[in-house]
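Q: In order, the protein sequences belong to chains Z and U. Numbered according to the numbering used here, the first sequence spans residues 1 to 159. Numbered according to the numbering used here, the second sequence spans residues 160 to 313.
One or more hints might be untrue.
To be verified - Covered by chain U, per the in silico footprint, the following chain Z stretches (three or more residues, Cβ under 8 Å):
(1) 5–18
(2) 33–45
(3) 48–54
(4) 61–72
(5) 116–123
(6) 128–139
(7) 144–150
Said to hold, decoys possible - A short list of chain U residues far from chain Z (calculated; beta carbon distances all over 12 Å):
(8) Q163
(9) D171
(10) G194
(11) L196
(12) K223
(13) S236
(14) D243
(15) V255
(16) N266
(17) A284
As the list claims (entries may be wrong) - Computed cross-link-like contacts, DSBU-like style, restricted to lysine-lysine with a CA-CA straight-line distance of at most 35 Å:
(18) U:K223 <-> Z:K65
(19) U:K188 <-> Z:K145
(20) U:K212 <-> Z:K20
(21) Z:K38 <-> U:K293
(22) U:K193 <-> Z:K78
(23) U:K223 <-> Z:K38
(24) U:K166 <-> Z:K116
(25) Z:K84 <-> Z:K20
(26) U:K166 <-> Z:K150
(27) Z:K65 <-> Z:K145
(28) Z:K145 <-> U:K166
(29) Z:K145 <-> U:K223
(30) Z:K145 <-> Z:K61
(31) Z:K78 <-> U:K166
(32) Z:K116 <-> U:K212
(33) U:K193 <-> Z:K145
(34) U:K188 <-> Z:K20
(35) U:K188 <-> Z:K78
(36) Z:K61 <-> U:K212
(37) Z:K78 <-> Z:K124
(38) Z:K116 <-> U:K188
(39) Z:K150 <-> Z:K124
(40) Z:K38 <-> Z:K145
FYI, nobody ran anything at the bench for these hints, they're computed from the structure. Bear in mind that the values here come from a model prediction, so they are computed numbers and not experimental data. Quick reminder that beta carbons are idealized off the backbone N, C-alpha and C, glycines included.
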Amino acid sequence: MDELDRQIITATQSGLPLVKEPYAVIARDLGIDTETVKLRLQTMLDNNQIRRIGAVPNHYKLGYKANAMSVWNVPDDKIGELGKLLGALPFVSHCYERPRFLPEWPYNLFAMLHGKSREEVSEKVAQIVDLLGEHCAGYELLYSKQILKKTGLRLKEKD
Amino acid sequence: MLTQLEKQLLNDYQQGMPLVSEPYAEMAKELNLKGFLVTEHEVIDCLSQLQDKGLISRIGPVFKPKSVGGSTLAALSVPPERMDEVAGIVNNFEQVNHNYEREHQYNLWFVVTAGSQNEVLQVLAEIEQQTGLKVLNLPMEQDYHIDLGFPLWC
């Protein structure tokens with residue numbers, strides 16, 4: 001990733017303009033041509049530096065009022081296999097391995113769950129408990145109470 | 160509630176939209192093939208409305224945090240009476256892009272994204288200093304999510 005990629009990120013991270021030719025607007029702002037903007041974005045997509053370019057839904061506003069971060073304590077030597085199982089579930093929107101912080105934080109696998117109600121989320125949790133079976137040494141659900149800040153990725157203009 | 164067109168747009172384009180010079184015209188063309196008689200202008204209008212209503216937060220690229228500098232998920236255990244004050248301190252950092260209050264002893268969870276890993280650690284250190292609270296630093300080690308799209312309507 002070079003300086004131009006970073007400029008393109010900075011110019012697009014809070015959203016594309018809703019005009020006929022959005023990439024031309026970005027290109028004009030950066031003083032480059034439209035083809036370069038599209039090519040750079042396509043390369044970042046191919047390299048997985050960009051997950052996707054699309055409409056970013058606000059699940060909460062769309063009626064998914066129950067959003068829980070589920071955290072699981074699973075054996076380190078099984079986490080690769082178990083993480084893939086959880087990550088493939090349709091109701092899991094993010095699934096990450098993170099370090100434990102003992103003794104206060106024993107959980108190493110995080111899965112974000114979304115539902116229209118807490119009952120719906122509980123059913124999903126039961127499915128995960130079944131899936132993990134004996135490998136689950138404990139879990140907790142952290143429901144979100146309030147979104148205090150949510151913005152796209154922010155890169156400084158100059159780093 | 161949502162119109163059929165709004166639903167279709169959300170379903171079809173949350174996972175990606177055409178990377179072409181006139182993406183909204185292309186989307187209109189695709190929608191027409193599915194039986195929606197819409198113009199480019201109507202697609203743009205519909206997306207603007209979804210954005211104004213807050214149902215989509217933006218149209219654009221979703222970056223994978225780790226590939227651009229450094230990032231982490233961090234948590235604080237905030238005494239309830241200090242929640243507003245501490246949330247304010249955390250939100251003040253431009254490197255904090257998500258901040259959620261959650262129901263747990265660790266009740267404030269935020270994502271720090273910066274140009275470098277070093278800058279992330281600096282932000283965490285400053286937050287500890289300004290709040291007097293110990294930060295739980297939980298950087299992502301592995302991403303297991305297979306992105307099949309989030310089924311909005313099931």
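Q: All the hints need checking, so say for each whether the structure fits it.
A: To see whether the hints hold, each was checked on the structure:
no.: 1; hint: 5–18; verdict: holds (count 8)
no.: 2; hint: 33–45; verdict: holds (count 6)
no.: 3; hint: 48–54; verdict: holds (count 7)
no.: 4; hint: 61–72; verdict: holds (count 3)
no.: 5; hint: 116–123; verdict: violated (count 0)
no.: 6; hint: 128–139; verdict: violated (count 0)
no.: 7; hint: 144–150; verdict: holds (count 7)
no.: 8; hint: Q163; verdict: holds, 15 Å
no.: 9; hint: D171; verdict: violated, 9 Å
no.: 10; hint: G194; verdict: holds, 20 Å
no.: 11; hint: L196; verdict: holds, 19 Å
no.: 12; hint: K223; verdict: violated, 5 Å
no.: 13; hint: S236; verdict: violated, 9 Å
no.: 14; hint: D243; verdict: violated, 10 Å
no.: 15; hint: V255; verdict: violated, 6 Å
no.: 16; hint: N266; verdict: violated, 8 Å
no.: 17; hint: A284; verdict: holds, 16 Å
no.: 18; hint: U:K223 <-> Z:K65; verdict: holds, 25 Å
no.: 19; hint: U:K188 <-> Z:K145; verdict: violated, 41 Å
no.: 20; hint: U:K212 <-> Z:K20; verdict: holds, 21 Å
no.: 21; hint: Z:K38 <-> U:K293; verdict: violated, 43 Å
no.: 22; hint: U:K193 <-> Z:K78; verdict: violated, 44 Å
no.: 23; hint: U:K223 <-> Z:K38; verdict: holds, 18 Å
no.: 24; hint: U:K166 <-> Z:K116; verdict: holds, 17 Å
no.: 25; hint: Z:K84 <-> Z:K20; verdict: violated, 40 Å
no.: 26; hint: U:K166 <-> Z:K150; verdict: holds, 23 Å
no.: 27; hint: Z:K65 <-> Z:K145; verdict: holds, 10 Å
no.: 28; hint: Z:K145 <-> U:K166; verdict: holds, 27 Å
no.: 29; hint: Z:K145 <-> U:K223; verdict: holds, 25 Å
no.: 30; hint: Z:K145 <-> Z:K61; verdict: holds, 14 Å
no.: 31; hint: Z:K78 <-> U:K166; verdict: violated, 39 Å
no.: 32; hint: Z:K116 <-> U:K212; verdict: holds, 19 Å
no.: 33; hint: U:K193 <-> Z:K145; verdict: violated, 39 Å
no.: 34; hint: U:K188 <-> Z:K20; verdict: holds, 14 Å
no.: 35; hint: U:K188 <-> Z:K78; verdict: violated, 47 Å
no.: 36; hint: Z:K61 <-> U:K212; verdict: holds, 9 Å
no.: 37; hint: Z:K78 <-> Z:K124; verdict: holds, 21 Å
no.: 38; hint: Z:K116 <-> U:K188; verdict: holds, 33 Å
no.: 39; hint: Z:K150 <-> Z:K124; verdict: holds, 25 Å
no.: 40; hint: Z:K38 <-> Z:K145; verdict: violated, 39 Å
The structure is inconsistent with the numbered hints 5, 6, 9, 12, 13, 14, 15, 16, 19, 21, 22, 25, 31, 33, 35 and 40, although it conforms to all the rest.
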